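Asker: This is what each chain is made of:
There are 2 protein chains.
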Amino acid sequence: MGLDTAATKPHERLAEIVAPEMAEVSALIRARMASEHAPRIPEVTAHLVEAGGKRLRPMLTLASAKMCGYGGPHHIHLAATVEFIHTATLLHDDVVDESAQRRGRPTANLLWDNQSSVLVGDYLFARSFQLMVETGNLRVLDILSNAAATIAEGEVLQLTAARNLATGPDVYLKVIRGKTAALFSAATEVGAVIAGRPESEVRALAAYGDALGIAFQMVDDYLDFAGSEATGKAVGDDFRERKLTLPVILAVAAADEAERAFWVRTVEKGRQDEGDLGEALRIIGRHGALEATKTEAQAWAEKARAALGALPEHEIRDTLSDLADYVVARLR
Amino acid sequence: MGLDTAATKPHERLAEIVAPEMAEVSALIRARMASEHAPRIPEVTAHLVEAGGKRLRPMLTLASAKMCGYGGPHHIHLAATVEFIHTATLLHDDVVDESAQRRGRPTANLLWDNQSSVLVGDYLFARSFQLMVETGNLRVLDILSNAAATIAEGEVLQLTAARNLATGPDVYLKVIRGKTAALFSAATEVGAVIAGRPESEVRALAAYGDALGIAFQMVDDYLDFAGSEATGKAVGDDFRERKLTLPVILAVAAADEAERAFWVRTVEKGRQDEGDLGEALRIIGRHGALEATKTEAQAWAEKARAALGALPEHEIRDTLSDLADYVVARLR
Numbered sequence: 018m019g020l021d022t023a024a025t026k027p028h029e030r031l032a033e034i035v036a037p038e039m040a041e042v043s044a045l046i047r048a049r050m051a052s053e054h055a056p057r058i059p060e061v062t063a064h065l066v067e068a069g070g071k072r073l074r075p076m077l078t079l080a081s082a083k084m085c086g087y088g089g090p091h092h093i094h095l096a097a098t099v100e101f102i103h104t105a106t107l108l109h110d111d112v113v114d115e116s117a118q119r120r121g122r123p124t125a126n127l128l129w130d131n132q133s134s135v136l137v138g139d140y141l142f143a144r145s146f147q148l149m150v151e152t153g154n155l156r157v158l159d160i161l162s163n164a165a166a167t168i169a170e171g172e173v174l175q176l177t178a179a180r181n182l183a184t185g186p187d188v189y190l191k192v193i194r195g196k197t198a199a200l201f202s203a204a205t206e207v208g209a210v211i212a213g214r215p216e217s218e219v220r221a222l223a224a225y226g227d228a229l230g231i232a233f234q235m236v237d238d239y240l241d242f243a244g245s246e247a248t249g250k251a252v253g254d255d256f257r258e259r260k261l262t263l264p265v266i267l268a269v270a271a272a273d274e275a276e277r278a279f280w281v282r283t284v285e286k287g288r289q290d291e292g293d294l295g296e297a298l299r300i301i302g303r304h305g306a307l308e309a310t311k312t313e314a315q316a317w318a319e320k321a322r323a324a325l326g327a328l329p330e331h332e333i334r335d336t337l338s339d340l341a342d343y344v345v346a347r348l349r
Numbered sequence: 018m019g020l021d022t023a024a025t026k027p028h029e030r031l032a033e034i035v036a037p038e039m040a041e042v043s044a045l046i047r048a049r050m051a052s053e054h055a056p057r058i059p060e061v062t063a064h065l066v067e068a069g070g071k072r073l074r075p076m077l078t079l080a081s082a083k084m085c086g087y088g089g090p091h092h093i094h095l096a097a098t099v100e101f102i103h104t105a106t107l108l109h110d111d112v113v114d115e116s117a118q119r120r121g122r123p124t125a126n127l128l129w130d131n132q133s134s135v136l137v138g139d140y141l142f143a144r145s146f147q148l149m150v151e152t153g154n155l156r157v158l159d160i161l162s163n164a165a166a167t168i169a170e171g172e173v174l175q176l177t178a179a180r181n182l183a184t185g186p187d188v189y190l191k192v193i194r195g196k197t198a199a200l201f202s203a204a205t206e207v208g209a210v211i212a213g214r215p216e217s218e219v220r221a222l223a224a225y226g227d228a229l230g231i232a233f234q235m236v237d238d239y240l241d242f243a244g245s246e247a248t249g250k251a252v253g254d255d256f257r258e259r260k261l262t263l264p265v266i267l268a269v270a271a272a273d274e275a276e277r278a279f280w281v282r283t284v285e286k287g288r289q290d291e292g293d294l295g296e297a298l299r300i301i302g303r304h305g306a307l308e309a310t311k312t313e314a315q316a317w318a319e320k321a322r323a324a325l326g327a328l329p330e331h332e333i334r335d336t337l338s339d340l341a342d343y344v345v346a347r348l349r
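Protein chains in written order, with my numbering: chain V, 18 to 349; chain D, 18 to 349.
No wet-lab data here; the hints were simulated from the structure.
Some hints could be false.
What the hints assert, rightly or not - Some but not every residue of chain V turned toward chain D, in silico, with C-beta under 7 angstroms:
#1 I58
#2 V113
#3 S116
#4 Q132
#5 A143
#6 F146
#7 G153
#8 D159
#9 A165
#10 V173
Unchecked claim - Here are the simulated distance ranges between beta carbons:
#11 V:V281 / D:K26: 54 to 62 angstroms
#12 V:P56 / D:A44: 39 to 47 angstroms
#13 D:A40 / V:Y343: 51 to 59 angstroms
#14 D:E115 / V:V281: 53 to 61 angstroms
#15 D:L128 / V:A278: 51 to 59 angstroms
The structure presented is a predicted model; accordingly, all values stated were derived computationally and were not measured.
Even for Gly, the Cβ is constructed at its ideal location relative to N, Cα and C.
For reference, chain V alone in the conformation it holds in the complex:
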């Protein structure tokens, strides 16, 4: 298309490829976040939906459907479904985490109240189910309702695993599969399903989304300790919120007696003093736990790329492969 692909990042290239469809998705989202009776609903939703997120999840659905040669209208509904589920979970997450900021703006629970965030989140969940029912495709409904259950289960598991130093890498993997990878995986899988592609391709796209989501969340958890000049993201939020992410889990597993006492005090008991984040970073560094997290994330990105091998050659397939690379490139 005369586009200098070498100069563009893969998610920007994907956004260009599905730009016409994404315009339809945006229109559908605006139409369905309306409420004749309760104007609070579109106010709260617009605050999040129009905050300038990258819309990575609906983009994955549109890209998957396009690559699979889908010719019907339902990829638009499914992409909007996926974005509504994501927005609903963000609203509820911010209540659960008592967050004050998201994407550099005050959260809805701060601007309105927790009540509005809980109930508008419920409304968007229900709206997402209406949208997917409109596709009339029972297999798609099965995939997306399973994803919704896995997401909620992952969030509950994260809540109960927080502050518990016995949390191992296996529980961490279940948590991030729930909170992140389940929706990525459903987003890519449904594109192949509505296009009626063979099982091998459906499985490949589900596996790609799963591995991409896991890599994506591991990078997020890495950057929360390592920092990132590109995003300007603050370091140490997870430590302050006493969340057990992979860097800490690996450092706890390798801790000597004094280090263990440090983690018990700061994470388990939550008694944090000035300088504790620095000490946490030194302990994490001493055991190579950030490096190990990076290696693990890279391995999942590689799994994502490998999954694409089961699919026919396509420009979008190559861009999805580059996207997996790009997700872990933030680690350098």
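With chain V held as given, fit chain D onto it using these hints.
Answerer: This is chain D only, laid out in the frame that chain V set:
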């Protein structure tokens, strides 16, 4: 069946009629509230599900399906779906209302925390969608996903209408249609749909559930001011929470200047002193607002009974008719 029907209340008679099916529903609920990864989920759910509620909503689905001659297995899934949606909304309502008690026991948000109530509620919503997808019936999915959206919309409307003295009977009707009648209506309607009954019967059962739910909620709102010896329910919760229910809405509409100032101070501004509940009751009484609420509830119960006229004669039909009577009999 040798049952002395004259001596039993209609909901007890219905419970007897669908007892074998309800045992299956209970087993399905127990199986589906499990979570391999997050034991917090069944803990919180069991607290509510096993608290000894009357299970009126799943009973309506089972009764409707049985009356309609349904012979398949999916009424069990649908009844469990309806109970899961109800339980999820209770969990979220208690967070929104900051309630400390439900059915005479401490609420989940008090025993665990708001976070658990929000996330376990999300899990139950997702589980309810999985259950309804298993029926493979798209029309049922349409009805229940619409009901879920109407419920959430009604809850948001209630939140934004609270404390607003401009709230009229029209907004009140929308709120209670959402928070109560939508699920009653879906519960009875889906029984006719899965049984493949003619449209006239489907519409009749939807209208019955809608009117029964509206009457049910109006009685609840009446008793919150009038009190009830049978339930031992405390009087004045809605007044203290500054909810605008029909008795107050009608009293506000008829208020003189001094009374209006009273409602502005106590409900709009929330400055309530000792003795204000008594004064509210006197003002409500002066304008016959409790009597008017009672008349309105009785009219909806009559609509519920009338809707049943479109259905063939059946023991269950007569019991549903008695149930509509019984709901407003609490008013005497």
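Asker: Hint by hint, which ones does this structure get wrong, listed from lowest number up?
Answerer: 3, 14, 15
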